[in-house]
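Given the coordinates of chain A, assemble chain B onto it according to the supplied hints.
First to last, the sequence lines map onto chains A and B. Numbering (this note's numbering) for the first sequence: 1 to 100. Numbering (this note's numbering) for the second sequence: 1001 to 1172.
Treat the hints with caution; some may be incorrect.
Simulated DEER-style distance windows between Cβ atoms [what the hints assert, rightly or not]: (1) Ile1117/B x Glu89/A: 34 to 40 Å; (2) Ala1063/B x Thr97/A: 28 to 34 Å; (3) Pro1113/B x Leu87/A: 45 to 51 Å; (4) Leu1011/B x Glu89/A: 52 to 58 Å; (5) Val1102/B x Glu94/A: 20 to 26 Å; (6) Leu87/A x Gly1007/B: 54 to 60 Å; (7) Glu94/A x Val1066/B: 23 to 29 Å; (8) Phe1070/B x Lys96/A: 25 to 31 Å; (9) Arg86/A x Val1102/B: 21 to 27 Å; (10) Ile1117/B x Leu87/A: 46 to 52 Å; (11) Leu87/A x Leu1100/B: 31 to 37 Å; (12) Glu89/A x Leu1115/B: 48 to 54 Å; (13) Ser1105/B x Glu94/A: 51 to 57 Å.
Keep in mind the hints are simulated off the structure, nothing from the lab. Remember, predicted model here, so these are calculated numbers, not experimental data. Where a beta carbon is used, it is the ideal one built from N, C-alpha and C, also for glycine.
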Amino acid sequence: MIPTSWYLELALALFAVGLLGFISRRNVIVMLLSIEIMLNAANIALAALGTTLEDVTGHILVFFVIAVAAAEAAIGLSLVVLLYKRLREVHLDEVKTLKG
Amino acid sequence: MEKVLFGYLALAILLSALFAVYAGNVIRSVLWLLVLFLHQAVLFLTLQAEFLAAVQIIVYAGAVLVLFLFVVYLINLREEVRLPRFLNSYPLAFLAAFGLLVAASIPLWKYQPTLRIGTLTPELILKEGHTQILGLHLFRDYLLAFEIAGVLLLVAVLGAVVLVRRIREGEL
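So that you can see chain A by itself, here it is in the shape it has in the complex (with noise of 0.2 Å):
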């Protein structure tokens, strides 16, 4: 039997690369794919959580927060196809309309 807490080390270790990804890269869809290791270092954290403590609710929101990493993925990328069509431009620091 696998100890809980490595499974939340790993969950943890995976967020933190994730941040990195999200707040050091230039390319838009890159940050959205950091977004989406993100939610999978939480999604990790969930499912140890739930088969731990023998909770089905772990493993229900698991369910969920993939259906919401879904619809976020979809207008994220659209957002960004919309961006490159305005500017043909993905990167968010050449992005300077809205500073004021």
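Same frame as chain A, but now just chain B:
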């Protein structure tokens, strides 16, 4: 044996996430993420969650990543490989992520499971199957949340269509 499998899965997941974040070519990032999702499905299997493993492969690897690949192919990123990949504040970002890792790893390491709810015991999974237990609870206790998730997905699909449609002269 279990621990060796977990070690391999953890190593593969972390390395593929790092490669996905660091890759210069976006297509490589997406493909590394595919590797991550497949390994994570096996990780769900080690947690006795076979339904989640199947959903992980079907939804993430099958739908979300294909969506990402479509957008990457739609957008011309030929000169992307030569541009700088990271912001100028990249060391600060590294510091933030590393700080999170250090600050949260010690309390997580000392985690001890306390109370057991008992709605998803291994015996129950063996008798009824993980999918059946999840389905029963989903449609009995979480029905409203399930419906709201359905509406959310519908709104997301409609929103994506509305956002990227071609705007003609004279209409909004």
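Comparing the hints with the structure gives:
no., hint, in the structure
1, Ile1117/B x Glu89/A: 34 to 40 Å, "50 Å, violated"
2, Ala1063/B x Thr97/A: 28 to 34 Å, "32 Å, holds"
3, Pro1113/B x Leu87/A: 45 to 51 Å, "50 Å, holds"
4, Leu1011/B x Glu89/A: 52 to 58 Å, "36 Å, violated"
5, Val1102/B x Glu94/A: 20 to 26 Å, "33 Å, violated"
6, Leu87/A x Gly1007/B: 54 to 60 Å, "45 Å, violated"
7, Glu94/A x Val1066/B: 23 to 29 Å, "27 Å, holds"
8, Phe1070/B x Lys96/A: 25 to 31 Å, "28 Å, holds"
9, Arg86/A x Val1102/B: 21 to 27 Å, "41 Å, violated"
10, Ile1117/B x Leu87/A: 46 to 52 Å, "50 Å, holds"
11, Leu87/A x Leu1100/B: 31 to 37 Å, "32 Å, holds"
12, Glu89/A x Leu1115/B: 48 to 54 Å, "52 Å, holds"
13, Ser1105/B x Glu94/A: 51 to 57 Å, "36 Å, violated"
Checked against the numbered hints given earlier, the structure breaks hints 1, 4, 5, 6, 9 and 13 and satisfies all the rest.
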